[in-house]
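J.: Each chain is listed here by its residues.
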Amino acid sequence: MAVDFARVVVDNQSLVFSLALRFLRDREAAEELAQDVFLQLYEKLRQIQSPAHATWWLRRAICHRCIDEARKRRLRPRIGLEAVPEPFVESRDPDPLLNERLRRMVEELPESARAVVLLRYQEDLDPSDIAEMLSMPVSTVKSHLHRSLAVMRGRLEKREICR
Amino acid sequence: MNLEDELRRALRQEPAPAGFGDRILAKTTRVQPVWRRPVTLAVAAALALAAIIPPAVKEYRRRERGVEVRDQLLSALSITRAQLGQTREKIRQNTRHKI
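Protein chains in written order, with the numbering used here: chain A, 148 to 310; chain B, 1319 to 1417.
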């Protein structure tokens, strides 16, 4: 079955860009990485059997690319505009500060745990799907989720006490 | 507060920047798929030639050898015919003398 690349881009651009943005918290790098991943898919389009397969492939590719990029950045830290909180715009969020704090806490998680949390809460994937996507055992996925939630809960509680 | 619900809210998908898709599609016109790249085509042509040439060379050598063997056989037959002719002539001469 032939896959229409333009359709795949339209249907998945938000997914791929958001995963990269939430992972790296750098709009410029996220856009660059997301574009790269789409171009990589374009080169492998013959191997893609359906739109669902394309979505699966893109999710997997962007996660792995983000993990690699985040590891590189850990070795060569970049200080730039991405370190500055995103400008405050009128938001539909009931608590924009809490959302920003949660995103920052996700950003501070180790790379693998961050990918697991993003796929679970942004993409709403089951632990078994996440395990397949990131090539890790389901038990590891569950352990990452459990530990990440515990860390975030602990930090939020600490913040409440400090107030 | 339900942390998981808050995370879903905080991490919901964000729209891609304006013109994001168009920029990708513009790049695809410059990036040729792997199977259409000159290097890939050259490798494919080389592999095809590598598959075709050795059997063709082998067949050519086999025919050459056949022609060579045929020539040797014709030459041997020609020598044999000449010798047989000489022998027959000698026999005829000897027979004539005896008569």
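Source of the hints: derived by calculation from the structure; they are not laboratory data. Source: prediction; values computed, not measured. Fair warning: there could be bad hints in the mix.
[Claimed, not checked] Stretch by stretch, here's where chain B covers chain A in the computed footprint (C-beta under 8 Å, at least three residues): (1) 194-201; (2) 205-217; (3) 260-269; (4) 276-282; (5) 290-303.
Here a beta-carbon is modelled for each residue, glycine too, at the ideal position from N, C-alpha and C.
J.: Test coverage of the stretch 194-201 of chain A by chain B using CB-CB distances below 8 Å; three residues minimum.
T.: violated (count 0)
J.: Confirm or reject the coverage of the stretch 205-217 of chain A by chain B under the rule of 3 or more residues with a beta carbon closer than 8 Å to the chain's beta carbons.
T.: n = 0 at 8 Å, threshold three: violated.
J.: How about the stretch 290-303 of chain A: do at least three of its residues have a C-beta closer than 8 Å to a C-beta of chain B?
T.: holds (count 4)
J.: Taking a Cβ-Cβ distance under 8 Å as contact, does the stretch 276-282 of chain A have three or more residues in contact with chain B?
T.: That given contact is violated, which follows from only 0 residues of the stretch 276-282 of chain A lying within Cβ reach (below 8 Å) of chain B.
J.: Does the stretch 260-269 of chain A contain three or more residues whose Cβ lies closer than 8 Å to a Cβ of chain B?
T.: holds (count 4)
Violated hints, listed in ascending order, are 1, 2 and 4; each of the other numbered hints is respected by the structure.
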